[in-house]
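Student: Listed here are the chains, written in short residue letters.
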Amino acid sequence: MRKPDKHTIACILFAAGAAAVGLMTDDAYYLQVLIFIGINTLLALSLNLLMGYAGQISLGHAAFYGIGAYTTAVLSATYGFSPWLALPAAIVMAMAVAYIVGRPTLRLTGYYLGMGTLGFGMIVSIVFREWHSVTGGASGFVGIPPLEIAGFAFDTDRSYYFLVWAVVLFFFLLSRRIIDSRVGRALRAIHDGEHAASAMGIDTARMKLHIFILSATMASLAGFLYAHQVYFISPETFGFMASIKIVTMVVIGGMASIWGSLFGATLLTILPEWLHAFADYEMMVYGLILMLVMIFLPQGLTRGIIDLYESSRKKHDQ
Amino acid sequence: MTSDNTILDIETASISFGGVRALIDINFSLAPGSITGLIGPNGAGKTTLFNLVTGIIPPDSGRILFMGQPIGKKPVHELVRMGIARTFQNVELFSSMSVLENVQVGMHTRTSCGIFGSALRTPGIVREENRSLEKAAQLLEFVGLGEHAKRRSADLPLGWQRLLELARAMASEPQLLLLDEPAAGLNTNETDMLGDLIESIRGRGVTVLLVEHDMALTMKLCDRIIVLDRGRLIADGPPRSVQDDEAVMAAYLGKPRNDAKT
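Top line first, the protein sequences correspond to chains A and B.
For what it's worth, the numbering used here labels the leading residue of the first sequence as 1, then goes sequentially.
For what it's worth, the numbering used here labels the leading residue of the second sequence as 1, then goes sequentially.
Take every hint as true, because none was put in to throw you off.
Listed next, with one range per pair, are the computed distances between beta-carbon atoms: (1) A/Ala-19 <-> B/Val-126: 25 to 35 Å; (2) A/Leu-290 <-> B/Phe-116: 31 to 41 Å; (3) B/Ala-137 <-> A/Ile-126: 53 to 63 Å; (4) B/Gly-43 <-> A/Val-127: 53 to 63 Å; (5) B/Ala-137 <-> A/His-195: 22 to 32 Å; (6) B/Ser-241 <-> A/His-195: 32 to 42 Å; (7) B/Ala-137 <-> A/Ile-12: 21 to 31 Å.
Using 25 Å as the maximum straight-line C-alpha spacing, the simulated PhoX-like pairs for lysine-lysine come out as follows: (8) A/Lys-314 <-> A/Lys-6; (9) B/Lys-150 <-> A/Lys-314; (10) B/Lys-135 <-> B/Lys-150; (11) B/Lys-150 <-> A/Lys-6.
Worth flagging that the hints you see were computed from the coordinates, not collected in a lab.
Quick reminder that beta carbons are idealized off the backbone N, C-alpha and C, glycines included.
I would like the entire structure built from these sequences, with the hints used as guidance.
Tutor: This is the structure we're talking about:
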């Protein structure tokens, strides 16, 4: 038996902490905020795998989030399928769309994926808004059923909290495994130097496509969880601003950092709750935060705070 | 020109960039286990030749065979799988990764774990990963960087970075190794060590083709020297004969040439 590594221990502590918070929090509002933090963490983590590790930017990630949400909404509410049948459909849908968008753009080096996904995100958001007969149009889609397993319904905030955070934990473990493997090394190599990576025998187009598909799948799963939590979805949740918000979570939390995704998602979920009075200026506040982080803590807040702490401790020791 | 006793055959390869003829009718073959130096003044076409052999650009005409197989328009990563590895003139390590991980990336074509494999971490995948760790550690010992496995590659001094690039290239188990100015920026001591290392790489059965400006090293190390000048092959032979070749002297010292046609 190998000694459990640092990340496994961190995950166990994190699971215990999340469980304790879930059991001790009675307030429905707080539980809901915590659920949204979980869903946003999954989104941020999905983009961080792509952007932070492989160095490929997606400016349309909210579209995959929306594809997950609308696929399950239409299948489970309109057609009455079980959400557990809608889930694989939502995942396959996201994978297929990611393949179609990623295949041509990821063969090229540079920011083609960024441009491709930007356009793609806008198209998807227009489809959600204009395809009234299926999506309910701009007024939104109502009547999404709660999730149920063998007679147990995830219809309370507490049960849903545990479901969402179990999924998040699962992907924390999965992401770490991928990052520490041959695949993860290839992705980081592409980030550090695509030219050198292919000279090491890495099929860079293929690797980038694989991680993009995984990333889209995770975002779609987040959309699935979102839809069955709020029972009502509307197009603006999945628009361009939402995509930028996911990018902001990754940059603030820290690129190439699993725990940074948690941190970035937490901050950007709580901030709008605090800044209700400034709702009109929300995007400006994000823009400002993004600029400040890029200038002063380019590695993200998580890394930046750790560095500050370490350098102050060193000074203290001297 | 049989491919039984050659590992690389370049057959009348030519390439031009926007009217500038970078390589003109280049012909030569490499014998397995040989060390060949490729020299010539700046702009002679050495780097272009490297780019042809590693598949970065295809020739306009002529062809290149590796172990008897035409490399055609095979992508770069496919040629690595076939057994061609290289190092870079301006060291191109993966700077965010550790020394050990850099070597492991070099093993990419000799391992197979995919995205599902890495997530499931089956016993087979764990075994593969352990083998790769072990082999990477051995290669680091081989180039003398064993103690620095955990350091970030960007933190190493330049000389060690060049050694790390060698270990990383060797990790792909190449038949043919192309070294682009391996001694650039190294001091005399380091250059001597590098020479010994290249010699022992040959000892492992690897054919070496190197571009190098350090003449002392090139003359000592190489069995054969090929000289390029303005896209043409102007001399090819053992170090001693190339050294005394008139065309080579002319190319390097800028003397007027007697026969302008070669």
